[in-house]
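Numbered per this note's numbering, the sequence shown spans residues 1 to 186.
It is worth saying that the hints were derived from the structure and are not from the lab. A few of these clues could be false.
[Said to hold, decoys possible] In silico lysine-lysine, DSS-like type, Cα no more than 30 Å apart, as pairs:
id, residue 1, residue 2
1, K154, K142
2, K64, K79
3, K75, K143
4, K154, K143
5, K183, K43
6, K43, K79
7, K75, K43
8, K103, K64
9, K103, K154
10, K103, K43
11, K71, K43
12, K103, K75
13, K75, K64
14, K143, K43
15, K154, K64
[As the list claims (entries may be wrong)] Label-pair restraints from in silico Cβ distances:
id, residue 1, residue 2, range
16, N46, K183, 53 to 59 Å
17, P180, R95, 27 to 33 Å
18, T33, G88, 53 to 59 Å
No residue lacks a Cβ here, since even glycine has one placed at the ideal position from N, Cα and C.
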Amino acid sequence: MMMLVAIAALAQAAPALPPDTPPRAATVAPSATGVEEARRLLKAINIEAQYDQAFARLIPLATKQAFDSIKDSTKVPLKVRTFLNEPGNLDRAQRDFADRLSKGFRRRYPTLIDEAARAYAQAFTPQELESLSAFYESTLGKKTLTVLPELQNKMFVVGGRLGVEVGQEAMVQTLEALLPDEKVTS
């Protein structure tokens, strides 16, 4: 009986979640029904098109970073560095790499989708997944899938512009703090 009283007291002492806090993701073993509902949801949200868009942004960055790290690295054979520094070769190598990277990711979409389905099935109940699928299969859900990426792209531009402004302000303030006798301008 004392144990029940202690548990009840601890439960009451725990801070309540703020009213706007969404419930946390479930962490249960995904059921076959859950995985099937997750696959339906992934199809409804056109996950492959989302992967295509994500990789279209990622691959140019990954390509640039990969070649920036090797073209002048002494850890890379001289023959490779020499080749990459000859006119046109770096661009050609980057295009080839990006193409192979893109095709490699595309071949792995089934694996990505399998993993995503299991993760969704672990985070949501089958009923929640069914509700999400129904929403994204609806007219409003389809509009959401079209409009949200457009809004995110617009906000990406705004975020970039604000990032430049904030970065410039932070640099001026940092330099003024480090060099108080100097007048720093942006």
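Against the 30 Å threshold, does the CA-CA distance of K103 and K64 hold or violate the hint? holds, 17 Å
Regarding the pair K154 and K143, is the alpha-carbon distance no greater than 30 Å? Measuring from Cα to Cα gives roughly 17 Å; hence the hint holds.
Quickly compare the C-alpha distance for K154 and K64 to 30 Å and report which way the hint goes. holds, 24 Å
Checking one constraint from the list: CA of K103 to CA of K43, max 30 Å. Satisfied? holds, 21 Å
Checking one constraint from the list: CA of K71 to CA of K43, max 30 Å. Satisfied? It is violated: about 41 Å lies between the C-alpha atoms, which goes past 30 Å.
P180 and R95, beta-carbon distance inside 27 to 33 Å? violated, 50 Å
Is K43 within 30 Å of K79, Cα to Cα? Status violated; Cα separation ~47 Å.
Holds or violated: K154 with K142, Cα cutoff 30 Å? holds, 19 Å
K64 paired with K79 [C-alpha distance capped at 30 Å]: Judged against 30 Å, a Cα distance of about 20 Å means the pair holds.
In this structure, is the beta-carbon distance linking T33 and G88 contained in 53 to 59 Å? For G88 against T33, whose Cβ atoms are near 55 Å apart, the range 53 to 59 Å holds.
Going straight from one Cα to the other, do K75 and K43 come out at no more than 30 Å? violated, 44 Å
Between K103 and K154, does the CA-CA distance stay at or below 30 Å? holds, 28 Å
Checked against the numbered hints above, the structure breaks hints 3, 5, 6, 7, 11, 17 and satisfies the rest.
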